[in-house]
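Whole structure, please, built from the sequences with the hints as guidance.
Order-wise, the sequence lines are chains A and B. Here the working numbering is used: the first residue of the first sequence is 238, the next is one more, and so on. Here the working numbering is used: the first residue of the second sequence is 238, the next is one more, and so on.
Just to be clear, a hint being listed does not mean it is correct.
Treat identical chains as interchangeable: a pair holds within one or across any two.
[To be verified] In silico lysine-lysine, DSBU-like type, Cα no more than 35 Å apart, as pairs:
(1) 635 - 576
(2) 452 - 333
(3) 322 - 601
(4) 333 - 601
(5) 333 - 278
(6) 576 - 632
(7) 322 - 635
(8) 333 - 635
I should point out that these hints are in silico values taken from the structure, not numbers from a laboratory. Here the structure is a predicted model, which is why all the values come from computation and not from measurement.
Protein chains: 2
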Amino acid sequence: MTHVMRKPAAVIGQSGGPTCVINQSLVGVVEAIANNTEVGKLLGARYGVRGIIEENFIDLTEVPAQTLQTIAVTPGAALGSTRDKPNRAYCEDIFKVFEKHNVGFFFYIGGNDSADTARIINELADEAGYELRVIHVPKTIDNDLRVTDHCPGYGSAAKFVACALMGDDRDCASLPGVKIDVIMGRNAGWLTAAATLGRQDERDGPHLIYVPERKVSEERMLADIGAVVGQFGRCVVAVSEGVVDEEGTPWAYKFVKTQERDAHGNIQLSGTGAIGDHIAALVKSRLGITRVRSDTFGYLQRSFAGFASDVDQAEARLAGQKAVEYATSGDVDGSVAFKRTGNGAGYGIECFLTSLENVAQLTKNLPDEFIADSGNNVTDAFRQYALPLTGKLPKIAKLF
Amino acid sequence: MTHVMRKPAAVIGQSGGPTCVINQSLVGVVEAIANNTEVGKLLGARYGVRGIIEENFIDLTEVPAQTLQTIAVTPGAALGSTRDKPNRAYCEDIFKVFEKHNVGFFFYIGGNDSADTARIINELADEAGYELRVIHVPKTIDNDLRVTDHCPGYGSAAKFVACALMGDDRDCASLPGVKIDVIMGRNAGWLTAAATLGRQDERDGPHLIYVPERKVSEERMLADIGAVVGQFGRCVVAVSEGVVDEEGTPWAYKFVKTQERDAHGNIQLSGTGAIGDHIAALVKSRLGITRVRSDTFGYLQRSFAGFASDVDQAEARLAGQKAVEYATSGDVDGSVAFKRTGNGAGYGIECFLTSLENVAQLTKNLPDEFIADSGNNVTDAFRQYALPLTGKLPKIAKLF
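Next comes the structure, spelled out in C-alpha cells:
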C-alpha cells in the first residue's frame, strides 16, 4: 500500500489599487498552473490577504477557459482587492491558513506593499521550516516599483492619459483658454509624464507638466501658465495630484478638507476634484483669464474598459505565467521583473526574478534625465522610454 | 465673348462644444463639395461665426485627401469653435461678408444655438432676395436636438460613458464603497443615462442614475444610496451635472462658487469637481461610509482620442455629405436629421431635412418611457434606443 502525497495547493490574491491588466496576470497564473503537474488546486483569495485569513476562497481550477479569457480583459481585480497592510501578527494568521490547506505556493499580485506582505510571509515560512514558494507579481499604474524596467498596468494607464490629453488638447484648441488636467500618482510622476506622449509639436498641449519630483510654487506655476498663454493664446497643464510646493509639501494638504488616511498614513488624494479646482481658481483670479477649466481624471485612468494597451496586456499575462514557472523551478522566492532588451521598433523584454526585499516598500521616482531642466516638462528620453509601453496611439491632425 | 459666371462659394463653420466626430461632418462636407460641380471654393471659417465676420478663412479645397482622413478621426473642432451667439446685428455682419465673397452656401455644424444662427442668416438672405442655401449639420454629445432620432456626437460620448462605468464598477467591486460619477448634460439626461449600457445584471453599477428630468432631494438620494449599500455592500451612482433638487433648482447652484455664465446665461457646470465632491461629502457624513469617491468625467466625454463609436463616425460623415446633397438639390434650407429605419440587429437610419425653426433654440429631454418610475434609473426601452449608437461595447466578466 503506497501513501499518495497530496500535491501542495497554491493561493493567489490581488492587492491595492486595481489596474486594467491585473486580471491578465491572474489568468496567466491560472493557465500556467493548469498546465503544471506540481501544483494541486489553485485557490483564489477574495479581497486579497483578508480573504486568506477569512478562508474566503474560490477554486480557480474550475473556471471555464472561455470565462478566463474574458476575465483577462476585464478591468479591476476579479478576485477583489484590499488595502490591508498586514503586520507580522496578521501574516502569522495567513501562514496558519496556509498550513491548514497544505499551501505550497503563494502568488500575490500587487505593488510594493504587497511585496512586503509576501516578504514577511516568506520569512515566517523559513523560520518554521515550511516549504513555501512566494512569488510577487508586480502591478501598478504608478510604475514606481524598483528593479523592474516598468510595471504591468502602467502602459494601459499611460495610454489612457496620453489619449485623454490628445483629445483634450484639441478641445482646448477649439475653444481656447487654460485647461488643468490632474493625473494620478502620489509620489512619482510616471503617469503624469505620459500626458506628453501624443504631442506632435510645441503648439500641442500639454504645454506644462508638473510631477512630484520637482517643487513648484503657486507663483512659479502661474508665471509658467501666463508665459504659455502669451505665446500660444492658450495653455494645457498636466499636473500630478501629488504636486509639491517650494517647501516640498503636497499642495493638496492645504485645501483638501477630508483628512482621510489609508492604512499607510497617506492622505486620500484621488476621488476629489479639489486640486484641479484650486489651480483653476488661482489662474482665473490671478491671471484674469476667463475660460479656465479643470478635469481630474480619477479612477478612469486605472479602470477604463476596452482600451488597455496591447503591449501591457501581453506583458501582464506573461508576468503571471513566469511567476508559475519560477515557483515550480526550484526553491526560489521573489518578485517578477522586466528587463528591456530593445527599444523603439526593436522593443522587447525578458523576465527575471528579483528578491522581495528589493521591491518591498520602496518606490522608484522619475530619474533626472526624464525631467526637463525647467522642471515643468519631460524629456525626449522619457518619451523613448514610455512610447513602446502604450501600444500604438491614434493618429490626429490639425488644419492650422 | 461670353461672360463666365463665377460659381458661388461655400462657407463652413463649427460651433459650440466640440465632439469626437464633429470633424467627420466637416470632412463629409469637404469631400462632397469636391465631387460637386455647382459649388466654387469652400471656405472654412476659423472659430465659427467669429471667423466669418473677421474674414478669417482657410481654403478647404486645398487640404490633401490624406490629411482630411486623419482630420476626420481627430477630436475637437479642426476649424476652431465659438460660444458666440449672434443676434440680428451680428448676423447682418455675417451676411455682408457672404455678399462680398459671393457665398451661395453656408454649412454650420453645431447644436440648437447654431441652428438659430443659421435661421436668422437665412431670413436676412430671404429679405434681401439673395440666393443662399443654409444647411445646419447637427452635433452634440447632449443628444438634445429636436426632430432627429439622435445627434452625431452622442454615440461616441455614450460609448465613453458606458465604458467608463463598466471599468469603474469593476474597480468599485474590487474595493467596495460608494462611487459617485458626475456626467455632462445640463438640461437633458441622455448622456448620464448611457452609464447603464454596459450593465450585465442588477449587481453591476451604476445602481442609481439621476437625470435632470427628475427632481431629487439630498434626503432621497441618500436613502437610495443607503438601500443599495444595504443590498450589495457598495453603490455606484451616475449623476448628471444638471441634477435638480425637489424645487427644480440645480444642486450646483448651491455650492458652485464661480458664477461664470456663458453667452446664454447658463452657469458654468463642467470643468469643476464641485458637484461630485459635494455628494461624496454628504454620503460620508450622513451615511457614515468611509470609502466614498467621486469622479467628474468632464471634457474627456466629448474629446477622448481614438475611441469614437464606429456608428457615430459613419453617421456624422453621412450628415456632412447629405448637407451638400440637400444644398445643391434645389432651393432648400434646413437641418439634417436622422430617422431610424430599424433597431437592434436591423439598426439603420435614413437622412431627411427638417426646417431650421424646428431645431433652433429648442431642446429635447429624455421621454418618460426612458426613465424608470422610481426616478432613479432608466428603462430597457432606453437601452434598446441607445445601444446601437455606441457600436460594440467591450466584453467583461466576473468571477463571483
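Hints, verified against the model:
{"no.": "1", "hint": "635 - 576", "in the structure": "between (37 Å within a copy, 32 Å between copies)"}
{"no.": "2", "hint": "452 - 333", "in the structure": "neither (46 Å within a copy, 54 Å between copies)"}
{"no.": "3", "hint": "322 - 601", "in the structure": "within (20 Å within a copy, 51 Å between copies)"}
{"no.": "4", "hint": "333 - 601", "in the structure": "within (33 Å within a copy, 62 Å between copies)"}
{"no.": "5", "hint": "333 - 278", "in the structure": "within (18 Å within a copy, 80 Å between copies)"}
{"no.": "6", "hint": "576 - 632", "in the structure": "both (29 Å within a copy, 32 Å between copies)"}
{"no.": "7", "hint": "322 - 635", "in the structure": "between (49 Å within a copy, 25 Å between copies)"}
{"no.": "8", "hint": "333 - 635", "in the structure": "between (62 Å within a copy, 29 Å between copies)"}
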